[in-house]
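Participant: Sequence:
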Amino acid sequence: MMCKALLLISLPLAGFVWALPEDSTMLAAAGALTLVSLLVGFGAEYLASSTENDILELSHRMAADGTRRTEEVAIREEKIRQFDRIVNLLTEQNNTLRAKLITVQVDLQRKKDMLLEAAGEAVAVEGVAHPLRAARAH
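So in the working numbering, spot 14 of the sequence shown is number 14, and the numbers just go up one at a time.
One thing to keep in mind: the hints can contain errors.
[What the hints assert, rightly or not] Calculated cross-link-like contacts (lysine-lysine; reagent style DSBU-like; alpha-carbon spacing at most 35 angstroms):
#, residue 1, residue 2
1, K112, K100
2, K79, K100
3, K111, K100
[To be verified] Label-pair distances were calculated between CB atoms; the ranges are:
#, residue 1, residue 2, range
4, A48, R76, 38 to 46 angstroms
5, E57, D23, 31 to 39 angstroms
6, L89, G120, 26 to 34 angstroms
Please keep in mind that the hints were generated in silico from the structure rather than gathered at the bench.
As the structure is a prediction and not an experimental result, all values here were calculated from the model.
By construction, the Cβ of each residue, glycine as well, lies at the ideal position given by its N, Cα and C atoms.
Please build the complete structure, drawing on both the sequences and the hints.
Facilitator: In structure tokens form, the structure reads like this:
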């Protein structure tokens with residue numbers, strides 16, 4: 001910005017000095033102002049070119065970062081979908097195993113009841129379990 005300001009000042013001033021009547025001091029001043037204007041112009045061009053290159057480099061970096069970020073988000077979403085599938089599968093397996101456990105517990109309880117009933121009948125046949133039968137037998 002400073003180079004632009006110096007260029008805007010030095011160029012018209014150099015043109016004005018060149019338009020003045022020719023004198024050795026005026027020619028030297030005009031030459032010096034022209035050189036200063038050229039240096040400031042080249043400096044401004046160099047800075048503008050450098051800034052343009054920096055902007056171009058940053059835009060490429062931003063594009064690369066944007067692409068990388070998009071890929072990371074896609075990978076993360078795929079991982080989330082995979083975890084959801086795993087959770088759903090494990091939930092289904094858990095529900096299946098719970099149902100099987102309940103079925104096994106019910107079967108076990110039935111078998112216990114059948115064994116107790118069979119044991120009760122066996123004892124009843126001997127007359128120990130039913131006192132009425134034992135009393136009738138005497």
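Participant: Now tell me, hint by hint, if it's right for this structure.
Facilitator: Here is how each hint holds up against the structure:
The suggested pairing of K112 with K100 holds, with an alpha-carbon distance near 18 angstroms, which does not exceed 35 angstroms. Proximity of K79 to K100 is assessed by CA-CA distance (about 31 angstroms); at most 35 angstroms being required, the pair is judged to hold. Proximity of K111 to K100 is assessed by CA-CA distance (about 16 angstroms); at most 35 angstroms being required, the pair is judged to hold. At roughly 41 angstroms, the beta-carbon separation of A48 and R76 lies within the given 38 to 46 angstroms, and the hint holds.
The hinted window of 31 to 39 angstroms between E57 and D23 is violated, with their beta carbons roughly 50 angstroms apart. About 46 angstroms separates the C-beta atoms of L89 and G120, a value inconsistent with the hinted range of 26 to 34 angstroms.
When held up to the earlier numbered hints, the structure conflicts with 5, 6 and fits the remainder.
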